[in-house]
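In the order they appear, the protein sequences are chains L and X. Letter 140 of the first sequence, counting from 1, is numbered 687 in our numbering, and no numbers are missing. Letter 126 of the second sequence, counting from 1, is numbered 476 in our numbering, and no numbers are missing.
Calculated directly from the structure, the hints in this document are not laboratory data. Among the hints, erroneous ones may be present.
For each label pair, taking beta carbons as the anchor points, the in silico distance ranges come out as [said to hold, decoys possible]:
#, chain 1, residue 1, chain 2, residue 2, range
1, X, G472, L, Q697, 55 to 63 Å
2, X, R523, L, G749, 48 to 56 Å
3, L, P705, X, R632, 26 to 34 Å
4, X, A421, L, D675, 15 to 23 Å
5, L, D692, X, V545, 46 to 54 Å
6, X, F453, L, D633, 27 to 35 Å
7, L, L656, X, T571, 32 to 40 Å
The structure presented is a predicted model; accordingly, all values stated were derived computationally and were not measured. Beta carbons: idealized from backbone N, C-alpha and C, even for Gly.
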Amino acid sequence: MTRWVMVADLRRCVGCQTCTAACRQANATPPDVQWRRVLDIEQGEYPEVTRAFVPVGCQHCDDPPCMEVCPTTATKKRADGIVTIDYDICIGCAYCAVACPYQARSKTLRPTFAYGTEMENEAKRRDDSRLGVATKCTFCVDRIDAGLAQEKIPGVDPEATPACVNSCIAQALSFGDLDDPESNVAQLRAHNASFRMHEELGTGPGFYYLWDRNAEAAE
Amino acid sequence: MSGPAKGYGSYGPKPWQQTSWDARAAGNFIGGGMGGSLIVFAPLFAATGPALSALLLAGLGLVGLGLFCVALELGRPLRAIRVLRNPRTSWMACEAWTAMLLFPVGLAAAAGVTGMVWIAAGLALVFVYCQARLLQAAKGIPAWREPLLRTLLLTTGLVEGGGVFLLTAPLHRSATSATMILFGALVVVRFVVWVAYRRRLAGSAAPGARAALDAAGRILTFAGTLLPLALTAAAAFAGVFALPIAALAGLLAALAGAWVKFVIVTRAGFNQGFALAHLPVRGARP
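Here chain X stands alone, though its shape is the one from the complex (with noise of 0.2 Å):
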């Protein structure tokens, strides 16, 4: 098929926010990427004992958060069981299957069923890998169905899973140098594919979802990456102060992740309008 005719661009009307996803809908990819990655986080950084349990409950506590803001947007919530019929093509249906299976597993591991632990960490790394794959599936959406998209969200919600690990650090005190520097690398790569992301959108997304995003981007860019990277070099020699530090910095690493994904979601949600790739010929031509 010939592209629009010369001089014409899109005929069609201009793209708007999309409004069947909201807030709830936002909330489910928040929670879900932020306690699935708290899930796998907690082991991995060697938390132990009533500490690491503690860590899963609220993994799990999120990602049921999320779910449940989800829920409170069906139509038909007394059917959402029949949420798991299509795991063959629908991401949403395998994100519910993946939940299904994370949540004994993880409570399991919570009360401290040896071998659950890894079980429910790799169990929630689907969860978030899933969400990722659920938004991006959306085709409606040009902001939605970019495929950096994946990366972009599963990168925030381990960044986002990180940053509430170090905010619990003064609790659970399992934060180790490398945990630090694992979590500055996931906010360097968070920070590089946000940048990837939003350079591929700017012939695709309409300019609202763009002014959106670019303001979200400067949140990202500033309260989300360069000020946690600071304070993590900066908890590398504060003494008694550095789980104080790591904590900020977590915190407001995991908030500007949050706020990205409500961003994405409620404000960048433009659809792509309809576009003619041609005008009607009619009466005597030129």
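Chain L with its partners taken away, still in its complex shape (with noise of 0.2 Å):
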């Protein structure tokens, strides 16, 4: 079996937002919809200040609370762990976006436009089937498709990997098939401490935030 999922790397981000621009830029939303967003977390007092930076976005659950309810199928779990919306079956009701503990799904009733006006690229990559539905961050699954009819591997070759692990400056951005042990993602795991968001709500998200060495995070 295959199981995509995402690992973002807490001590690489340093929250350029390249992610989001880049997500924006391959999936045309519009500008008030960010489906790869980058937390901005400051935690502490003067001197003892942290900051995290957290890529955040559909978690592409195991059990994802958003499909449970979706009254109209609109919402499905691929095999490969993928959740998807079929934009012509939504009926735009917001349940997904009310049940998503990650808020991660957006409503857009009517075009929105960078400058107010529609500019010429606007235009070309314009999708009314995306207004008044629910849409969030597909992990690119075009690309991954497409990528996958091409003999390419997701998460190694660019053409079949996402558009915001493509374009992270840190590599703090990684994806890959959890289900095999060869994966960078799976190495990755495998030696580092990990968490996922949210865990006790048992959605089991795919994807996953490093924060340690493993064998620091054991003692």
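Need the complex rebuilt from these two chains, each delivered in its own frame; the hints are there to steer you.
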């Protein structure tokens, strides 16, 4: 089996938001929608301050609460773990948005443009099927499928890898098959301490955060 | 997985009020609970003939109004029929299916077709239950996913339906002392469930959600519980004024319940923000 997951190394992320920009460019999301966000979290008081940059978005859960509540079956989970939305079926009830513990879903009712009026590039990539429905990170599923069809390896070959991962200047983001013990993501997890967001909710997120070396974490 | 490092709690940005569902969604829960329970109460308290028909139609009207409210919230309202596709796991689809059955059966009952009244009452109860499960299944909102919310929505729905029944009592004159006793008992049960629900949220809901719930709780306590109970007791000794006093009790209890639902959806719907179980360890170690 294959289980596509994302790994974010919190020690490496510098909060440059290149992944956010790359996602916007790759997926033509409207100005007020970010499928890949980077949180800037500051903790403590001077001089004991720690800062962390945390990439977030759809966690492509094992047991996605968004899929369970969806009344239309627009939200589905593929065998490889990617959670998808069929824009032609979605009615835009936003039940999935309130069911998602990761605030990963957006609904845009009307076209919005970066500078008020529609620019040429925005007109070219305008997709009205995404208006009035739920949208979210797809793990760039089209790139993955197209890459696999060309016998590329997602997470290794850029042609088959999500745009945010390709763009990361610090190699903080990685993508790959968790079920393959030799994959990059499996190796990263094996050699580092990791956690998943809101794991207590039992959603089984497909997004791992590395925070320390394994040996240190074990102490 | 180990918990947060010592001295740290949640590192994530603070929770914020969800904006996906607003007053229109709240209107669905208010209309559905009130109308559905009215359809349960009408035959239960021996309303008959034209009064029963009028109450059933009023109940269906309230349910329909609630569904209309939620239809206004859909991004693609012309596709609304697709809401029926997933009753296997989605309580919203179950709610829609129940409504699809409730309306023809309810109309048949209002038209006087024999045997339909109790089927309509049963379907109406299922409808209210579906709504309670619907909101509680929203895992992203701590104040909603609390299991006691189901009981709270069910009991407040029944109180609201009973309240509307009493509100209209001067017209249909079907309210008896048994009605008042059951209504009073439901008001007490709702209050007990509310207190338990609020206590369960002490450690999980965001401060903003707790503040909104506390403000609504004060209204529920005084206007939705103490006053209706006092009025219900007073109605027993009020002679010719019994029905108007009971109507006032019903109105207060119903409005307080509706307000609590409105607040739960639109003001206590804080998500849980983002939380890091660990902060990244960089550079030299202490």
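Hints and how they fare:
| no. | hint | result |
| --- | --- | --- |
| 1 | G472(X) with Q697(L): 55 to 63 Å | holds, 58 Å |
| 2 | R523(X) with G749(L): 48 to 56 Å | holds, 52 Å |
| 3 | P705(L) with R632(X): 26 to 34 Å | holds, 27 Å |
| 4 | A421(X) with D675(L): 15 to 23 Å | holds, 21 Å |
| 5 | D692(L) with V545(X): 46 to 54 Å | holds, 53 Å |
| 6 | F453(X) with D633(L): 27 to 35 Å | holds, 29 Å |
| 7 | L656(L) with T571(X): 32 to 40 Å | holds, 39 Å |
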